[in-house]
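Chains as they are written, first to last, in the UniProt record's numbering: chain A, 1 to 484; chain B, 1 to 484; chain C, 1 to 484; chain D, 1 to 484.
No lab work stands behind these hints, which were simulated from the structure alone. As the structure is a computational prediction, the values presented were derived from the model and not from experiment. A few of these clues could be false.
Because identical chains cannot be distinguished in the list, a pair is counted as satisfied if it fits within a single copy or across any two copies.
What the hints assert, rightly or not - Each computed SDA-like pair below joins lysine to any residue, with the alpha-carbon atoms no more than 25 Å apart:
(1) K119 / P89
(2) K123 / V273
(3) K469 / S361
(4) K297 / V270
(5) K161 / N129
(6) K52 / T379
(7) K301 / T122
(8) K315 / V270
(9) K37 / N129
(10) K364 / E201
(11) K255 / N232
(12) K161 / Q216
(13) K364 / V316
(14) K161 / L77
(15) K37 / W413
(16) K123 / E252
(17) K80 / A68
(18) K460 / E340
(19) K255 / D380
(20) K301 / D313
(21) K297 / V273
(22) K356 / P478
(23) K297 / Q222
(24) K297 / P256
(25) K119 / S425
(26) K301 / V270
(27) K301 / D276
(28) K301 / E252
(29) K356 / Q222
(30) K37 / G185
Protein chains: 4
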Amino acid sequence: MTKNYLYILLFPALLVNGSAFAQKKAKPDPLKAEVIKSVDTRFDVLTDLSDKIWAFEEIAFQETQSAAALADYAEQLGFKVTRGVAEIPTAFVAEYGSGSPIIGILGEFDALPGLSQNKVPTKSPLNDNAPGHGCGHNLFGVASLGAAAAIKDLIAEGKLKGTVRFYGTPAEEKFFGKLWMIRAGLFDDVDVVMDWHPAAETKAAVQKGLALVDFQVEFFGQAAHASADPWNGRSASDALELYTNGINYYREHIKPTVRIHYHIQDAGQVVNVVPDYSRIWVRVRDSSRDGLEPVWKQVEKMASGAAILANVDYKVSLISGIHEVLVNRTGSYALQKNLEALGPISYTEDEQVFSKKIQESTDKPQIGLVSIIEPMEETDEHSMGGSTDVGDVSYVVPTIRLSATTAPNGTPWHSWAVVAAGGMSIGHKGMGYAAKALSMTMVDLFQNPELVNQIKAEFKESKGDYVYKGIIPDGPPPIHSNLQ
Amino acid sequence: MTKNYLYILLFPALLVNGSAFAQKKAKPDPLKAEVIKSVDTRFDVLTDLSDKIWAFEEIAFQETQSAAALADYAEQLGFKVTRGVAEIPTAFVAEYGSGSPIIGILGEFDALPGLSQNKVPTKSPLNDNAPGHGCGHNLFGVASLGAAAAIKDLIAEGKLKGTVRFYGTPAEEKFFGKLWMIRAGLFDDVDVVMDWHPAAETKAAVQKGLALVDFQVEFFGQAAHASADPWNGRSASDALELYTNGINYYREHIKPTVRIHYHIQDAGQVVNVVPDYSRIWVRVRDSSRDGLEPVWKQVEKMASGAAILANVDYKVSLISGIHEVLVNRTGSYALQKNLEALGPISYTEDEQVFSKKIQESTDKPQIGLVSIIEPMEETDEHSMGGSTDVGDVSYVVPTIRLSATTAPNGTPWHSWAVVAAGGMSIGHKGMGYAAKALSMTMVDLFQNPELVNQIKAEFKESKGDYVYKGIIPDGPPPIHSNLQ
Amino acid sequence: MTKNYLYILLFPALLVNGSAFAQKKAKPDPLKAEVIKSVDTRFDVLTDLSDKIWAFEEIAFQETQSAAALADYAEQLGFKVTRGVAEIPTAFVAEYGSGSPIIGILGEFDALPGLSQNKVPTKSPLNDNAPGHGCGHNLFGVASLGAAAAIKDLIAEGKLKGTVRFYGTPAEEKFFGKLWMIRAGLFDDVDVVMDWHPAAETKAAVQKGLALVDFQVEFFGQAAHASADPWNGRSASDALELYTNGINYYREHIKPTVRIHYHIQDAGQVVNVVPDYSRIWVRVRDSSRDGLEPVWKQVEKMASGAAILANVDYKVSLISGIHEVLVNRTGSYALQKNLEALGPISYTEDEQVFSKKIQESTDKPQIGLVSIIEPMEETDEHSMGGSTDVGDVSYVVPTIRLSATTAPNGTPWHSWAVVAAGGMSIGHKGMGYAAKALSMTMVDLFQNPELVNQIKAEFKESKGDYVYKGIIPDGPPPIHSNLQ
Amino acid sequence: MTKNYLYILLFPALLVNGSAFAQKKAKPDPLKAEVIKSVDTRFDVLTDLSDKIWAFEEIAFQETQSAAALADYAEQLGFKVTRGVAEIPTAFVAEYGSGSPIIGILGEFDALPGLSQNKVPTKSPLNDNAPGHGCGHNLFGVASLGAAAAIKDLIAEGKLKGTVRFYGTPAEEKFFGKLWMIRAGLFDDVDVVMDWHPAAETKAAVQKGLALVDFQVEFFGQAAHASADPWNGRSASDALELYTNGINYYREHIKPTVRIHYHIQDAGQVVNVVPDYSRIWVRVRDSSRDGLEPVWKQVEKMASGAAILANVDYKVSLISGIHEVLVNRTGSYALQKNLEALGPISYTEDEQVFSKKIQESTDKPQIGLVSIIEPMEETDEHSMGGSTDVGDVSYVVPTIRLSATTAPNGTPWHSWAVVAAGGMSIGHKGMGYAAKALSMTMVDLFQNPELVNQIKAEFKESKGDYVYKGIIPDGPPPIHSNLQ
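Isolated chain A (complex conformation) (with noise of 0.2 Å):
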C-alpha cells in the first residue's frame, strides 16, 4: 500500500510556479459564476429537501424516504436514475450528459440513532430515542445534488461536454454502503470524484482519517440454573467479559495511532441463567489499512483465547471494514482556489446567538461560528479522528474532499448540537456553499484535461502497487442488520 506521497516531488511545477489550471483562476470564470447562481436559484427547493431528510431522520441501509426523495428530484431534474444498485435497496445512481469526463459526486442521507433534537440550541429531542442527523447528512446528498445539477445545466445548455454523475450513497455510518457499490463496479469509468463533508471549518479536507474494520464475536455455552447447578453452564458472558479483559490487556501493545473499542451487545438475557450466548461489536482502526491487518488479525484470534478460558464456542464474523483516505493535493488544491474565490460564509447576528448558546450548552469557547479560509493545510502522515467510506472511493478513484461549514466552532460531531444546527438557517448556508464550491471545481475539472490527468498522476503515484480489495464478506450487504 501506499507509503509516500511525493506529490511534492513529483509536481513541483504546481507549488513553484503554479499550474495551467491555477493560473485560469486569476481570470474570473464564467461558467462559475453560472454554476453558484444555479445553486442560488434552487436553494429553496434544496433546502426544503434537505429539511425533509432531517424529520425522516432514517438510520443506515434504512433510508428508503430520504433515498427516495432525492431520486425523485433528480429524475424530475433530467437525470437518469437508477435505484437499487448493488443490491441495497435505498442506493442509487442519478445520471447526465454522456461521454468523457465522467465526473462523479457522492451524496450521503442516514442518521444516526438516538439523537434527535429539535431546531433550538440546548438539547431537546424531537422524539423519544429516534434517529437525528447528528452528522450533517440531510445536507450532505442535497448540496451534493445541488452541485451535480448545476453542472447538468451547462451540460444540457452545450458549455460544457462529458457525463456528471450523481452517487446515492447509503450507510456511511454503519455497515459502509459504498463498499458494495464499489464491489458492484459502480466507480469502475468515473475519472474524478467529489465530495464534501458536513462540518465546523471550511477547507478543503486533505487529512486521511483512520483505516477501520468492524467484525462481530459471539460466543456459545451451555446454560444452566446459575444457583442449583451453575457447574453445569459454560458462560458465554464469561468469555465475553475475558475478551474483553484480553483486548485491554493488548492496548498496551498496540501502536500510539491504532484504535480498539467495541461494544457488548448481549450478555445474557436473565440474571437467573448462566448466559448460552453473547456477542460483541469490535471495531479496530489504524492510520493504514496496512498497520490494520496486524492488530485485526491478533484481535480476532483472541477471541479463540476466551473461547477456551471459558470453555465455549466462538464465531468471529466480519461486518466490513474501510481504508483511510488516498488524499489528492493536486485536486484539493484546485478546490482549495475555488474557496479562496468564494470567500467565507457570512452569518446573521442571529447566527452567532444560536451558536454560542450551543456552544454554551457543550461547554466549548463561545466564539459563534468561525469563517475563514485558511492555505491549505499538510496532509499528515498519520492523521488521527473519525473514518469515512470515502476512503475506499479514493482507492479506486483520485477524489477531492471539501469541508464546509454546517455549526459552530467546537461543536461535538455526532450530537444534538449538529442535529440542530443542520436543520436550520447555518446548515443551509453550508449547503448552498458547498454546492458552489463543489460545482465550480467540477467546471475546473470539465474544462480543464492537463488538470483531471494530473489528478490521475498523483493517484498512481500514491497508490503505487496496491491492489484496493474492499473489506467486506461475500454475499449481500447487510441491509437487514439495523432491524434486528
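Chains B, C and D: place on chain A using the hints.
Below, chains B, C and D without anything else, positioned relative to chain A:
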C-alpha cells in the same frame, strides 16, 4: 434469625405416637371426599381457565388479563374480591366466609420472558420471543382457586366454619409481588397459609430454598469519541467490566452455599463512543437471610471500588430480596398424609410418550412421568436450588407447601418443556391433583384447631426472636419496571 | 475409582456384634502394656530427637540432617536402614524382623518455609524468614519411629513374629515424596500401613481429605522497552494475569467441593521492560481423584487460551498430585479401641496457660487444650480441608491413620503457633501418645491375622476396580526444585 | 511548566548569522587542541578505570567500589573531593579551581541487574544472574572525569579561569540519585552543566525524553487456608490482580504520550494460603511533568478501588520521579560545532566484525558501526523513549547533553550487547571521544561568557515560571532498598 429447626425435639409426639390429626386420617373423612368431588366437578372450568392464562403469557406485574380472569371467576363463585391491593393493579384478594380460622391459599400466574412454546414435545415457539409459562403458573393460580372454591362450598353448606382467603399474587418470577402484599398487611390476620408449586414430582415441599437479594448497579461516566479522543472519556462499561472481574475474584472467598450472578443489561449503545452509562442486575443468594447479609453488602460495596478504578460515578439501587422458606414440618406432615391418601397421579400411554419425547429433546433419561408418593423428606440445613417469595410469607404466617407433578421427571425448569406440558393434560392433571391435596389439607386445618395450634407453635419456635423485615426499597412497587 | 464405601453393609458384624479383635480389647493385652512402657522408656531420647529436627527446620527434599538423625537412630536401635531410596537422598527405609506380616509405619520430617518461631506463645520468629515446623513433622517422624522401636523390641524378644518397617518419607509439604517411593515399589509387599498426624485433637482419622494436583504454567513472550516500544513486546505477565482472570471466572462453574488456588511466582523482573517470562504454580483439588480430572484438564487448557490472548507461548508442566485418602474403617476401629483404652492426654496448668495464650494470640476461643476421646466419626462423602500424600499410600496398601493432639484446640495449622507448641511439652506429649497408640494397634495387627484380613477385604472392596497410578511426571523426583 | 521552546524566535542571530562562538569555531582554538591531547594522554588510565567499573558491576546505591575508584582518581589528579554527599554514601563531588564560571559535569557509574556478560559478541553471561553495565555507565563516569581533568589542566596552567566540578551521581537506573543531590543544594551555584550518554550514535542530545514517577502499592489482606476455609481469607493477590486489570482498562483513556508499566513484586509465597500481602511497583510516564500529574494521581487512586473490590487494606508509597529534559539548544549548538570539528569516530575492521556479530545476534541489520555527524535534530514537542534524572538537573541549571557511540547501530539498549561492546575497544573509543567533545565545549563555556549568558537566557525562557520541585518523598534517600 432462626438457627435450628428443632421440631423433632419439640414435637416428638408427632413422630413417635402420631398426632390427633394423623389419627383422624385413618378414618376416611367425608368432607375430604366432598372437596375431591368438588374439584372433579369444576375440573373442565379450571382447565379452561388455566389454558387461557397459558395463552395470555403475561410477565411480572403485567398480568392484567390473567389476574382479571382469576378474580372474575372468584367473584362469580361468590367470593368477595378486592382488586389492586398493595398498590399493585394485578394483585387481589378473594375471600369467603367469616371468623376463625382464617386459612389462606396463594395463587401465582405470571409467565417468563422468551419461553413461548406450542403444546408439542419438541422446542417450537408459539410466538417468537414472546413469554411462556415455563414455571407452570397458569396451573398454580387456578388449582389454588379451585381448592379455595371447594372449601367455600363446605362453608356455604355450613359444614365448615371460618374464612378461606385466596391471594392473587403477581410477579413471583421477578420483583416478588408478595413482598408488597406483606408490607400492606394482607397476611396479618391469617392463621395458616397453603401453597403449591408445579414440579416434576409430587411431595410435601420441605426444603428451604435460598434467600436472595436483587439490586441494580449503574455507572455514570463521560462520553467521548472512541477514536478521536478516548482520553477525554471515562467509560461506564470499563467500570462494569471491572466490577464483574471483582465479583468473579470474590467467588474464591464465599461459602459453598452462596451464589452470585448477574445480568449485564447495558454496557453502551454504539461502537464508536466511550460509553457514559452502564447497568447491571446483580443477584446474591445464600441458604439463609443471615448468610446473605455480609456477601450482599460486600458486593454492593465493590461497586464503589469499580467506580474508582474507572473514574466514574455509580449508584446502587435495591430491587428486592426474599427470604428462604421457614419450613413447617407439622403442617407438611398433615399434607403428606393427604398425599398418601390420594395416592399418585396415573397417566395414559399418550402422556408417557409425550413425556419421553420431552426427555429426549432435553437430553434427560427417557423414563416418562414418575408417579410415586415417597415418605416425607428431611429438611436440609443448607438446601440449595431456587428461591421463592413464598419464603417471605412463611416468615409472617405458618406456611404449608406442596409440589405436584405437572411435567415429566427431569424436565429442566424455566424451559419450553414446562410450557408444553403445562398446556396439555399432564399439566391439567397436576393442577387437579394439587387442588384436591390442598383442599383436603385445608379441611384438616378447619376441623382440627389443635393441628393449627401445633403448626403455630412450630412456627413460633422456628422463627425465634427474628423480626421479619421485607427486603424492599421504600416507595411503591416497581410495577412498570418490566416495560423499560 | 471407588464410588461407594459400603463397609457398613459389608461388615455389619463389626458394628453390631463387635469383632474378634474388638472383643480381645476387653481383656487387657500384656503386649500393649509392654509397648506403652517401651515408649515411656525412650521418651527422653525421642523428645531430644524431635527437638533437634525442630531446630533443623529443613524444607521439602532438603531434610538432610533430619533424615540422617532418624536413620542414624534407627540403625543404632538395630534396624536395617536403606538410605536414599527412590532416587531421593532424604528418603529411607528402616526394617526389623522378617516374614509376614509386614506392617509399615510412615514418618515425615519436613518443615514449612517462613514459619520460624521461638517456643513462646506469641508470634516471635527464631530466625527471620527461616522455615519452621508449622505442621509438627518434627514430632511425626519421631513418634512413628518410637512406635516401630517398641514393636522391634517385641520381635527381638520373640513375642511377635513378622516385620516392622519404618518409612522415612520426605517432602510431604511440597512435591509429595511418597509418590516416588510408591513408584519405586517400596510399598508393594506391605500388609498394612499406619501413620499419624499432629493435630489439635485426638482421634482415629477417618476423613478422606482432598485429592489435588500441582502443575506449573510458564509463559514465554517477547521483551521490549516498556516505554520506547511496548508494541514490540508480547507480555508474559499479561498472559499470566489473563490466566488468573480466567481461573477466577471459572470458579462460578466448579462444584462446591472443588478448590483452585495458585501462586504467582514470577511476573517479570524490572519495571521498565515488557516481561518475556512468567510462571505460576497452580493447585486444583476436589474431594476425589475422579472429580479432580475434568477441572484439572480445563485449568491446564486455559493456559493455551491465555497464551492466545497475550500472543505468547506457554508450557504446562506437571509437578505432582495426590489422591484423597481411601479410608479403612475396619483398621480405624481397631485404632479407636486403643485410643479409648489409653484415654485422653492430661495436661499441666502451665500447658493450659501456654495454650490459652496461643489461642488469644490467634483470635481463637481461649479454651486451652481439649482432651477427649470421642466416638469414631462418620466418614463424609465429601470431606473438605487439606490433603496428604498418605492418600496415595492408602490406595496401594490399607492404611490406618491417627490424629494426636500436639497443639491447642483451634490452632490455625501451618502457623507459628504449631511451631511453638511442637517445640515444647505439649508437642512432646502428643508425640509420646501417638507412639503408644500406633504401637498398640500394631500389636493388634501382628497378633490378629483375621483383623488384617478384614482390613484387606475392606480395602479391596473400597478400591474396587480402580487402578492406582501416581500423578507424577516421568523422570527423577524434583529434589532440587526448592533450591531455585 | 514550559510550553514553548522559542529559542528560534529568541536567538535568531544564532541561526541566521551564526554566533560569536560559532564564528570562533572557524579559527581552530589552541585550547581545544590541548584538551584533546590531554584526553589522549590519559586514555590508557581512563580505559583501565572504565574496565574496573565494568567488572565491579554494581547496581543502584550499591556502587561502593565504582564510586571509590572514580573519587580516588580525582583526588589523585588534585581535585578536592567530598564523598558521601546528600546522605548517599556513593555520591560525591570533585572540584578544581575557584570563582566563576562554575561548570559542572555529571558522571554515572551504576550497573543493571541480570545483564552480566563476557566481552564477546554473542550472549554469554560472565557471572550468572549478576548485574552488568547494560547502559554503559562504566564509560559514562570515566569520560566525564576525563573531560574535567583536561579542563583542570588548563586551569592549573592558568589558561582558563573558574571552577570545574565533577558530580559522581549514583543510582541513575533506579531511584534516581540526582534527585537527592539537587535537594541537598549541590547544583545551586553552577552556571552550566554538561553530561553525555553512551549510545549507538554520536550527536548533540536534544530530545526531552519522558518524565516519570515510580511508586509502590502494597495490599494487606487476611491469610486463610486456600482449601479449608478460603472464605475466611481476603486476598492481597486478588487486589493486586484487580489493580492491574484496572490499569489495563485505563490504557484506553490515556494520551498516546503516556506510558504505564508495573512490576508485580510479590503476590504471595505459597500455593495453599490465601495471600495476605502483595506488592507492585508502578511507573507512569508522560512527555512532560505536567501531563504526568493527572495520570499519576488516577493510578494511585485506583489502588483504593482495587482494595475495596478485594476487601483489603492498601498503602501507596512514592519512590521517586523525574522530569523530562529541559533542552538547551543554544548550548547544544555549541556542542554540535565541536562534534563537527572532531568528526566521526573511526573503527577498525575487527570492531566492525564484532559489531556485525552483535547485530546478527540481536536480529538487527548487520550494518556495523555507523559513524556520521548529522546536523543537529529538531526537538520534538513529544519526544518518546526513555527517561533520565538528568531531566531534573536540567530544570535547575542549564544542561548540555551529548550522545556518543559506544555500541553498534541498532543495539537494543539495556541488553547484554551493550555490556559486551562497553567492555572493549568500541566502548573505550566512545569514552575517549566523549571526553574530548565535552572538554572542548567546556572550553567554549569558560572562554565565552556571552555564550553562557545566552544559554542561561534560553534556560530562563524555557523554564518560564515553573517552580521546580523534585518528586521524592521526605526523609533520607532509599539507599538500602536494593538490598531487600
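>> Are any of the numbered hints broken by this structure? If so, which, sorted upward?
In response: 1, 3, 5, 6, 7, 9, 12, 13, 15, 16, 18, 22 and 30
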